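A.B. asks: Here the protein sequences come in this chain order: A and B. Residues 0 to 595 in numbering that gives the first Met the number 0 are what the first sequence spells out, letter by letter. Residues 0 to 179 in numbering that gives the first Met the number 0 are what the second sequence spells out, letter by letter.
Honestly, the hints are just simulated from the structure, not real lab data. Since the model is a prediction, treat every value here as computed from it, not as a measurement. Treat the hints with care, since some could be wrong.
[Stated by the list, open to error] Below 27 Å or equal to it, Euclidean Cα-Cα: the simulated BS3-like pairs (lysine-lysine) are:
1) A:Lys188 x B:Lys58
2) A:Lys348 x A:Lys200
3) A:Lys324 x B:Lys78
4) A:Lys376 x A:Lys200
5) A:Lys200 x A:Lys236
6) A:Lys352 x A:Lys264
7) B:Lys78 x A:Lys311
8) B:Lys78 x A:Lys208
9) A:Lys147 x A:Lys236
10) A:Lys200 x B:Lys78
11) A:Lys200 x A:Lys188
12) B:Lys58 x A:Lys147
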Amino acid sequence: MTTAASDTSHDPNQMTGAAMIVRAMIDHGVKHIFGYPGGAVLPIYDELFMQQEHLQHILVRHEQGAGHAAEGYARSTGKPGVVLVTSGPGATNMVTPLADALMDSIPLVCITGQVPTHLIGNDAFQECDTVGITRPCTKHNWLVRDIKDLARVLHEAFYVATSGRPGPVVVDVPKDVQFATGTYHPPRKADVHVSYTPRLKGDAAQIRKAVALLAGAKRPIIYSGGGVINSGNEASKLLRELVEVTDFPITSTLMGLGAYPASGKNWLGMLGMHGTYEANMAMHDCDVMLCIGARFDDRITGRTDAFSPNSKKIHIDIDPSSINKNIRVDVPIIGDVASVLGDLLSVFKAEAKKPRIDPWWFEIGRWRARNSLAYKKNNDVILPQFAIQRLYEAVRGRDTYITTEVGQHQMWAAQFFGFEQPKRWMTSGGLGTMGYGLPAALGVQVAHPDSLVIDIAGDASVQMTMQEMSTAVQYELPIKIFILNNNHMGMVRQWQQLLHGNRLSHSYSEAMPDFVKLADAYGAVGFQVFKPADLDGAIMEMIKVKKPVLFDCRVASLENCFPMIPSGKAHNEMLLPAEANDETTAAAFAGGKALV
Amino acid sequence: MNQPASAYFMEERHDSNETHTLSVLVQNEPGVLARVIGLFSGRGYNIESLTVSETEAQKHVSRITIVTTGTPMVIQQIKHQLDRMVPVYRVVDMTLTGRSIERELAMVKLRGTGEHRIEALRMAEAFRARVIDATTESFVFEITGNSAKINQFIDLMRPLGLVEVSRTGVAAIGRGAEGM
Chain A
0 MTTAASDTSH
10 DPNQMTGAAM
20 IVRAMIDHGV
30 KHIFGYPGGA
40 VLPIYDELFM
50 QQEHLQHILV
60 RHEQGAGHAA
70 EGYARSTGKP
80 GVVLVTSGPG
90 ATNMVTPLAD
100 ALMDSIPLVC
110 ITGQVPTHLI
120 GNDAFQECDT
130 VGITRPCTKH
140 NWLVRDIKDL
150 ARVLHEAFYV
160 ATSGRPGPVV
170 VDVPKDVQFA
180 TGTYHPPRKA
190 DVHVSYTPRL
200 KGDAAQIRKA
210 VALLAGAKRP
220 IIYSGGGVIN
230 SGNEASKLLR
240 ELVEVTDFPI
250 TSTLMGLGAY
260 PASGKNWLGM
270 LGMHGTYEAN
280 MAMHDCDVML
290 CIGARFDDRI
300 TGRTDAFSPN
310 SKKIHIDIDP
320 SSINKNIRVD
330 VPIIGDVASV
340 LGDLLSVFKA
350 EAKKPRIDPW
360 WFEIGRWRAR
370 NSLAYKKNND
380 VILPQFAIQR
390 LYEAVRGRDT
400 YITTEVGQHQ
410 MWAAQFFGFE
420 QPKRWMTSGG
430 LGTMGYGLPA
440 ALGVQVAHPD
450 SLVIDIAGDA
460 SVQMTMQEMS
470 TAVQYELPIK
480 IFILNNNHMG
490 MVRQWQQLLH
500 GNRLSHSYSE
510 AMPDFVKLAD
520 AYGAVGFQVF
530 KPADLDGAIM
540 EMIKVKKPVL
550 FDCRVASLEN
560 CFPMIPSGKA
570 HNEMLLPAEA
580 NDETTAAAFA
590 GGKALV
Chain B
0 MNQPASAYFM
10 EERHDSNETH
20 TLSVLVQNEP
30 GVLARVIGLF
40 SGRGYNIESL
50 TVSETEAQKH
60 VSRITIVTTG
70 TPMVIQQIKH
80 QLDRMVPVYR
90 VVDMTLTGRS
100 IERELAMVKL
110 RGTGEHRIEA
120 LRMAEAFRAR
130 VIDATTESFV
140 FEITGNSAKI
150 NQFIDLMRPL
160 GLVEVSRTGV
170 AAIGRGAEGM
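Next up, chain A with everything else stripped away, as it sits in the complex (with noise of 0.2 Å):
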C-alpha cells in the first residue's frame, strides 16, 4: 500500500484518516502516545512508523496498561493522555482505564480502530460495540463513520476531556475512514463548542456569602480534593495563599494530596475512612466548611446523616452533579478551582479580617497529640508504615513521583509519604483499581524521564499487570517498584477479620513469585529484603540504580491499616491503633451485627 499522504500531494490538507489522527495529535501538542497494534488500526500504526519523529509511541504489554501509563502520564503533567489500540479485545482492554479515569477525573483521549463500516453490526472479526461499551465509562464517545466528520471530531475529543470536570473520551474509527481520503483542518481557539460549556467564574454573590461565612468562622476547616490539582498549578499556589491569610486548617482528600504542603504548619493530614483522627475530628466539629474540587464521596463522609452536623458548608466545584450529591451544602459556588479561589481570596482580603481561632488551634492540638498515626516498633519484621517511612526520608529533596497500587499500602503511602507539590502523587481513588500503579509508573517516567519514580505496590496488586515490567525495559525507563510483600491481599484480609470473623476466604497467596527473579527475567533488577536493619541500604541502592527495579520488601503479613473509621460510624467514632486490641475492634466493629 502506498500512503495517502504522497497520492493526495497537491492540497497539504487533503489527508487519509489515518494520517489526520496523527496530524491532530501533533496539533494538540501530544508527544508521546501509549498504545498496542491490532489489525483495526493499522492504517494509523503506518502513519505512526512515518512521523516517528514526531509523535513517540510506547508499546505496551497490554492495552490496560496503556491506559493507565496514560492516566500517570496526565496526572503528572497536567496534559492529556493519549492511547491508541485496536477494535474488539483492544477496546475492552482499555475499559478499566477508560472507567479509572472517569472516576478520578483525567484528560484522556483514546482512539480505538473499528472493522470497516459496512461490516458494523455483522459480528464481524474483533468487533464489538466501542461506543456501547465505553459509553458509561467515559466523558464522552464518537464513532466516526465519515471521513468528512474526523477533523472535527479530534479537535471536539481534545477539547471535551480537557475542559470543564476532565475526563477521558473514545474516539472509535472504523478502518475505512482510516483510508479515506478528505480535508482536515487544524484545531481553531475561537470554535466555540455547541453543546458543552462549562462554566469557570464563580458566581460573585456566592463567593461573597462564602467570605462572610469564612470570616465569621469560629471552627473552621478547608476540605480539599483533586479538583484542586485538575485546576493547575495556580489553584495549589491560591489555596496555600488562602492558607495563609486565613490561618485555617486544612486536610485533604486522598486525590488532593500535595496540593498543601505536608510540612506545613496547618495541615491535618488526609481525611476520611483512614484519615487521621484530627482531621476527621475537625470535619465533625467544625462551624464552617469549606470544600474546594472534592466530593464527599463515602469513603470521606461515613455515615452521612451524622457527617459534620454543625456546619454551614461552602462547595466549590466545576460540576454541578457534585453538589449536594451526598451531603447538602449551604453555598455551593460552581467554577473552576483557581478562578474562583482567585475571586475569594481579593474579596477576602478587601473585605475581611481573619477569625480569631485559638480555641479552635487548641482543641486541634489535643486532638493531634492522640498520635493517631503511630505504630509499635519492630527490630525483628518491616512494618509496612516503617517501610514507607524510610522510603520518604530517602526520597526526601529528592525531584520525586508516587504512584500506587490499592490496598493496605496506598493507604499507608497516603498516611507515611509527604507531598510538598501537586501532581506528584499518582493513585487509583475513585475506582480503587489494583495494578494502577506500575503502569502508571511508567506514564510518569515517560514524562520525566530524569525523575526518580516510585510505584508503592502490594504484592497482590503488581501481579495484575506485571508484564509492563517488559515495556519499562524496552524504553529503559527506570521507575522503581516498591512492593510491600505480605503475601495476602492486605486489605481484603484486614476486612475479612475485622467484619467476617476472621474467615479469610482466598485472601492469602500461597504460590508467589520470586521477584528478584523475576525481575532479573525481564532485565531488571531485583533487591528483597527480610530485616529493618537492612531496609535503609537497600533502598539507598535503588535509587542509584538506573534500570528498572523490584524491590521485595518483605514485611509484616498481619498488620492493619488504622486509624479508621469503622463503616457506618461517623467521623468521631474512629478507632484509633493505640486503642485497636481484639476488644475494642470488635466493639467498634459489632454493636450486635449492627454493622455496615
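Fit chain B to the supplied structure of chain A, relying on the hints for placement.
C.D. replies: Same frame as chain A, now just chain B:
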C-alpha cells in the same frame, strides 16, 4: 439498624418522592438517546415516561421529555447529570416552572357488541376521544390529554371490552410567549 457487615454505609433515606417532568434539548447525534437512558439505568433513576423527537431539523436539535420520580435531592441530581452531558443544551424542570402544559396521546382498542358498544361511544364523546377505526365488533379510539385523564378513560373502557392500549408518553411545553 440491623444490617449485615459491609464495606459500604447502607443508609435508608426517608425523604418522600416527587414526580417531575423534565424537558431536555439535545444535539441530535447518534446514541444521544442511549446516553440519556443509560444515565437513568446506570444511576438507578426512575423513568415513568420518555418521549423524544427531532424538533429543529436544520439545527439537529431534538427535544426529550422525561417524567421521573425521586426525592428532591435525586431530582436535582438527575437535572445536573443531564445538564453536564456533552450533547445536552438545556434542561428545564417543567414541574418547577409551574407553567407547563402536558399532553399525551393514546390509542385504545375495544372489542364488543350491543350495550357495551353504545356505552363506549358515549364515554368517548364525554372524553372527546375520536373513533379512528371501526369494525362491526371493535373500535379504536384516539384520545389526547394529560396522563390522569387518559388513565381514567382507560379504566372506564376496561369493563367494556378493552383489548389493548398504545400510548405516546408525555410531551410538555411552557405556557406564555417564551421558549425554553
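A.B. asks: Checked against the structure, which of the hints given earlier come out wrong?
C.D. replies: 4, 9
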